[in-house]
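> Based on the provided sequences and hints, a complete structural model is requested.
2 protein chains.
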Amino acid sequence: MAERITPRTEDYSRWYTDVVTQAPLADYSPVKGCMVIRPLGMALWENMRDALDAMFKATGHENAYFPLFIPESFIRKEKAHIEGFAPECAVVTIGGGKELEEKLYVRPTSETIIYAMYAKWIKSYRDLPLLINQWANIVRWEMRTRLFLRTTEFLWQEGHTAHATEREAMEETLKILDIYDTFAREWMALPTIKGIKTAAERFAGAVETYCIEALMQDNKSLQAGTSHHLGQNFAKAFDVKFQAESGGWEYAWNTSWGVSTRLIGAVVMAHGDDNGLVLPPKLAPTQVIIVPIFKGDEKQRVVGAAEEIAATLRRAGLRVKMDGREGIRPGFKFNEWELKGVPLRLELGPKDLDAGQAMSVKRHNREKAPLPLGSLAAAVPPLLAKIQQNLFDAALARREAATHVIDDYESFKRVIDSPGGFLRSHWCGSAGCEEAIKNDTKATIRCISTDAAEERGKCLRCGEASTRRVHFARAY
Amino acid sequence: MAERITPRTEDYSRWYTDVVTQAPLADYSPVKGCMVIRPLGMALWENMRDALDAMFKATGHENAYFPLFIPESFIRKEKAHIEGFAPECAVVTIGGGKELEEKLYVRPTSETIIYAMYAKWIKSYRDLPLLINQWANIVRWEMRTRLFLRTTEFLWQEGHTAHATEREAMEETLKILDIYDTFAREWMALPTIKGIKTAAERFAGAVETYCIEALMQDNKSLQAGTSHHLGQNFAKAFDVKFQAESGGWEYAWNTSWGVSTRLIGAVVMAHGDDNGLVLPPKLAPTQVIIVPIFKGDEKQRVVGAAEEIAATLRRAGLRVKMDGREGIRPGFKFNEWELKGVPLRLELGPKDLDAGQAMSVKRHNREKAPLPLGSLAAAVPPLLAKIQQNLFDAALARREAATHVIDDYESFKRVIDSPGGFLRSHWCGSAGCEEAIKNDTKATIRCISTDAAEERGKCLRCGEASTRRVHFARAY
Numbered sequence: 001m002a003e004r005i006t007p008r009t010e011d012y013s014r015w016y017t018d019v020v021t022q023a024p025l026a027d028y029s030p031v032k033g034c035m036v037i038r039p040l041g042m043a044l045w046e047n048m049r050d051a052l053d054a055m056f057k058a059t060g061h062e063n064a065y066f067p068l069f070i071p072e073s074f075i076r077k078e079k080a081h082i083e084g085f086a087p088e089c090a091v092v093t094i095g096g097g098k099e100l101e102e103k104l105y106v107r108p109t110s111e112t113i114i115y116a117m118y119a120k121w122i123k124s125y126r127d128l129p130l131l132i133n134q135w136a137n138i139v140r141w142e143m144r145t146r147l148f149l150r151t152t153e154f155l156w157q158e159g160h161t162a163h164a165t166e167r168e169a170m171e172e173t174l175k176i177l178d179i180y181d182t183f184a185r186e187w188m189a190l191p192t193i194k195g196i197k198t199a200a201e202r203f204a205g206a207v208e209t210y211c212i213e214a215l216m217q218d219n220k221s222l223q224a225g226t227s228h229h230l231g232q233n234f235a236k237a238f239d240v241k242f243q244a245e246s247g248g249w250e251y252a253w254n255t256s257w258g259v260s261t262r263l264i265g266a267v268v269m270a271h272g273d274d275n276g277l278v279l280p281p282k283l284a285p286t287q288v289i290i291v292p293i294f295k296g297d298e299k300q301r302v303v304g305a306a307e308e309i310a311a312t313l314r315r316a317g318l319r320v321k322m323d324g325r326e327g328i329r330p331g332f333k334f335n336e337w338e339l340k341g342v343p344l345r346l347e348l349g350p351k352d353l354d355a356g357q358a359m360s361v362k363r364h365n366r367e368k369a370p371l372p373l374g375s376l377a378a379a380v381p382p383l384l385a386k387i388q389q390n391l392f393d394a395a396l397a398r399r400e401a402a403t404h405v406i407d408d409y410e411s412f413k414r415v416i417d418s419p420g421g422f423l424r425s426h427w428c429g430s431a432g433c434e435e436a437i438k439n440d441t442k443a444t445i446r447c448i449s450t451d452a453a454e455e456r457g458k459c460l461r462c463g464e465a466s467t468r469r470v471h472f473a474r475a476y
Numbered sequence: 477m478a479e480r481i482t483p484r485t486e487d488y489s490r491w492y493t494d495v496v497t498q499a500p501l502a503d504y505s506p507v508k509g510c511m512v513i514r515p516l517g518m519a520l521w522e523n524m525r526d527a528l529d530a531m532f533k534a535t536g537h538e539n540a541y542f543p544l545f546i547p548e549s550f551i552r553k554e555k556a557h558i559e560g561f562a563p564e565c566a567v568v569t570i571g572g573g574k575e576l577e578e579k580l581y582v583r584p585t586s587e588t589i590i591y592a593m594y595a596k597w598i599k600s601y602r603d604l605p606l607l608i609n610q611w612a613n614i615v616r617w618e619m620r621t622r623l624f625l626r627t628t629e630f631l632w633q634e635g636h637t638a639h640a641t642e643r644e645a646m647e648e649t650l651k652i653l654d655i656y657d658t659f660a661r662e663w664m665a666l667p668t669i670k671g672i673k674t675a676a677e678r679f680a681g682a683v684e685t686y687c688i689e690a691l692m693q694d695n696k697s698l699q700a701g702t703s704h705h706l707g708q709n710f711a712k713a714f715d716v717k718f719q720a721e722s723g724g725w726e727y728a729w730n731t732s733w734g735v736s737t738r739l740i741g742a743v744v745m746a747h748g749d750d751n752g753l754v755l756p757p758k759l760a761p762t763q764v765i766i767v768p769i770f771k772g773d774e775k776q777r778v779v780g781a782a783e784e785i786a787a788t789l790r791r792a793g794l795r796v797k798m799d800g801r802e803g804i805r806p807g808f809k810f811n812e813w814e815l816k817g818v819p820l821r822l823e824l825g826p827k828d829l830d831a832g833q834a835m836s837v838k839r840h841n842r843e844k845a846p847l848p849l850g851s852l853a854a855a856v857p858p859l860l861a862k863i864q865q866n867l868f869d870a871a872l873a874r875r876e877a878a879t880h881v882i883d884d885y886e887s888f889k890r891v892i893d894s895p896g897g898f899l900r901s902h903w904c905g906s907a908g909c910e911e912a913i914k915n916d917t918k919a920t921i922r923c924i925s926t927d928a929a930e931e932r933g934k935c936l937r938c939g940e941a942s943t944r945r946v947h948f949a950r951a952y
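In the order they appear, the protein sequences are chains B and E. Quick note: the first sequence uses this note's numbering, first residue 1, plus one each step. Quick note: the second sequence uses this note's numbering, first residue 477, plus one each step.
Check each hint, because a few of them may be wrong.
[Unchecked claim] In the SDA-like style, the derived pairs of lysine to any residue whose C-alpha atoms are separated by at most 20 angstroms in a straight line are:
(1) E:Lys508 x B:Gly96
(2) B:Lys123 x E:Asp503
(3) E:Lys844 x E:Pro806
(4) E:Lys579 x B:Glu142
(5) E:Lys533 x B:Arg319
(6) B:Lys57 x E:Arg525
(7) E:Lys599 x E:Glu721
(8) B:Lys103 x E:Lys599
[What the hints assert, rightly or not] Facing chain B, a subset of chain E residues (Cβ under 7 angstroms, in silico):
(9) Ser505
(10) Gly560
(11) Glu564
(12) Val568
[To be verified] Covered stretches of chain E (in silico footprint by chain B; criterion: 3 or more residues with CB under 8 angstroms from a CB of chain B, positions within the stretch not fixed):
(13) 570-578
(14) 602-616
(15) 785-795
Simulated from the structure, these hints should not be mistaken for laboratory data. Please read all numbers here as calculations on a predicted model, not as lab measurements. Heads up, the beta-carbon is just placed ideally off N, CA and C, and yes, glycines get one too.
In structure tokens:
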């Protein structure tokens, strides 16, 4: 059953795949580049979806659903967009048994089809802002698969909004960036760097791309969400015009933004350990696992009590499972639920029952403490909240320890190789230096942090003047 | 803004399209055969999804996600299946800029890819039953689009289960049929006929297909959900074998089952009227609309009170909107919310406030009654429950009035033309008579009701002996 999990220090990449396939969160499929999301992975994604969806709806967004297929002529309308996406598309050429007159692209993102509809729906400033989100599957051709991180098909949400003014569109772009940041911190227990992408890393068709970046345990960065200010690029390509309050016709201002199932990969890599997953309590499909420990005729008493505890905790709003399987040793069960990342385990044997307690064991640090049975419903929720905070604090401490202020290129090259992490260095702003640094070191500018203070300095590579440090890292 | 809605008696089909596009629930897209589901339609689908999902999970099912693409060699493995589905598939032949070695079919249903995975996951009787559901998009090529009812792409759920015995698989098939029936009755306010499909109407690859059929207001039947007993057909095609408790290797027994966004079409056609949608309260995205009625400086007082009422009702767990828009007449607002099908309207003017009441208006019958403001939180939930029951009762009464027991073919031909409905007639069981009746009358056997009593009779067409009546109808 339980195969060996490669330790992180031995091979971080294999550790990741071992955890994902054994938990199991996902599996490889016989379709090249496509994964199967297994029930534990899907339950985790549904919890993420529900939390984000509530945040979107609380800020006035509604969900809709647009076609999977995009006619070739649509995807060609925005020049930068087609250049960015066409090479990685899956293309339908046969439908209903016949060769199609126009090829259909399986959506790699939905700007083109959505703005074509917006052109039809938006007539007046009264129709604005239009704030729509969609939960959907997306296809971008990949040859080398990494479960959740790089797959041909993945699940995501994509928001697409239209506004009467540039200012409102920019406010929306930043509002969503804040939602992503809040979600990462409060739900995923993941500290992020908020910032702006350089032109080289910008979304194909955007004026400005904002992102959140998070550091994984191997000191590589993972882009966890992006929010694009699209200006009027797509509005002009698709003729999204509205009659302004003042009377004339104007092009709408757009934003688009998204997060995907790669966030599951981020949770695995940010918190997992050599025993498997470590899930943040707020997202964990099972928050508490109760393992009754019994021999022979003790069973009825112990399992009965475990069931009662489960019912009590469920009434307190918690997601709880009770593992009453027979013929499986407690130690085996402990390992299995640790692999699945359940934040809190309650062990319950006859002696615990006699003493009126259960032994609690925290997944992330294996800290044990007896809890009185009478106060479990009151004690467990704050305990889970504390675990959630502990995970965040640990991730933040790891990131702080792996963030380096570097001013000379030789140190930069050495540190990026080992130990890696975020390297905060000055950059002159030229695409040439950015490209050269990438070629020399495989490090890219993850973002220009929106929180970075102004600071005079000299570009790491060329020595030209710079006014702020940027975050370099190797990335997923 | 509000265009004319074609009355049902004038042209039922245009009435349907008018309601769907004006509410708006959906829109045509520039992609042939594909629709756009607009926010109201999507919110309705999400409410359906959440209710069904809870029923699936309560019966031990888990969600997963399988690839959108199915390699051609997979879809060819089950003979009846490929014959049934291949002609209506969209096929990807280009990926990542290159011609693919093997064509990829966009899933028209996922049996083949799912059972290929089950073959990998199922090793022992201990792995059974495997109870998995997926919420996904599906593509089946259609030339003539009818929003929600017939579109190239649609959303659905598809359950796929594996069992150790035929009996368990059959129990699962019927359990799901009951869930669909319960959902239709209790959530959609839609009475259904539960039954078995004839061989001609069976799912491609199934041993037996069960279904629920519901009558629309134009007296045509709509298949609202199907549950298939697949026997070992797919297990044998994909080598889904397990080691039995007794030691030997056996093929698993499978079921699959699904409902789709066509259920939205069913809600529209079962309850809507010439003013637009009529939504069942349990599914309505907005259950109560509050319309404050004010002139000039009455605004603050009336809108303030309306907001308070909205907050009170939301605390009572209801989905409520308050329409405080200025410059739009109350009558216009009434029409708009009627078009959108909101079950209950509360009108609130200065005189109502003086009298300590709001005027309630039920959407489905326009019944008006004053409600004391102080008891709204207590009064509205039972009022919505009563509306839900009224809708069901009305739909059931319509169906009963449109169900005819017919014993001679000439009457059958006359009645199926007008008024239509369910024609309960004897059928000998031969595919030949079924086909001939279909060719003569456009009526098909919707199902052999599982509730039908045995009754000796003679086949409508050939006069051979029959032991029970079946439900004939013209269908969507």
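> Quickly compare the C-alpha distance for Lys844 of chain E and Pro806 of chain E to 20 angstroms and report which way the hint goes.
holds (16 angstroms)
> Using C-beta distances, would you say chain B covers the region 570-578 of chain E, given that this needs three or more residues below 8 angstroms?
Per the Cβ count (4), the hint holds.
> Quick check on Gly560 of chain E please, does its C-beta sit within 7 angstroms of some C-beta on chain B?
violated (13 angstroms)
> For the region 602-616 of chain E, count the residues whose Cβ lies under 8 angstroms from any Cβ of chain B; is that count three or more?
Coverage by chain B holds here, the residue count being 4 at a Cβ distance below 8 angstroms.
> Given the hint that Lys103 of chain B pairs with Lys599 of chain E, does the C-alpha gap stay at or below 20 angstroms?
violated (42 angstroms)
> For a C-alpha distance cap of 20 angstroms, please report whether Lys123 of chain B and Asp503 of chain E respect it.
Distance ~16 angstroms between Lys123 of chain B and Asp503 of chain E Cα, so the pair holds.
> Are the Cα positions of Lys508 of chain E and Gly96 of chain B separated by 20 angstroms at most?
Distance of about 12 angstroms is within 20 angstroms: holds.
> Is the hint on Val568 of chain E kept, meaning its closest Cβ partner in chain B is under 7 angstroms away?
Holds, about 5 angstroms.
> Decide if the proposed pair is consistent with the structure: Lys533 of chain E and Arg319 of chain B, CA atoms, cutoff 20 angstroms inclusive.
Satisfied, since the Cα-Cα distance of roughly 13 angstroms is no more than 20 angstroms.
> Compare the distance between the alpha carbons of Lys599 of chain E and Glu721 of chain E with 20 angstroms, and conclude whether the hinted pair is satisfied.
holds (11 angstroms)
> Can you verify the interface hint for Ser505 of chain E: is its Cβ closer than 7 angstroms to any Cβ in chain B?
Holds: closest Cβ of chain B sits about 5 angstroms from Ser505 of chain E, inside 7 angstroms.
> Would you check the hint for Lys57 of chain B and Arg525 of chain E, treating anything up to 20 angstroms between C-alpha atoms as holding?
At roughly 17 angstroms apart (the allowed maximum being 20 angstroms), Arg525 of chain E and Lys57 of chain B satisfy the hint.
Going down the numbered hints, you'll see the structure goes against 8, 10 and 15, while the others check out.
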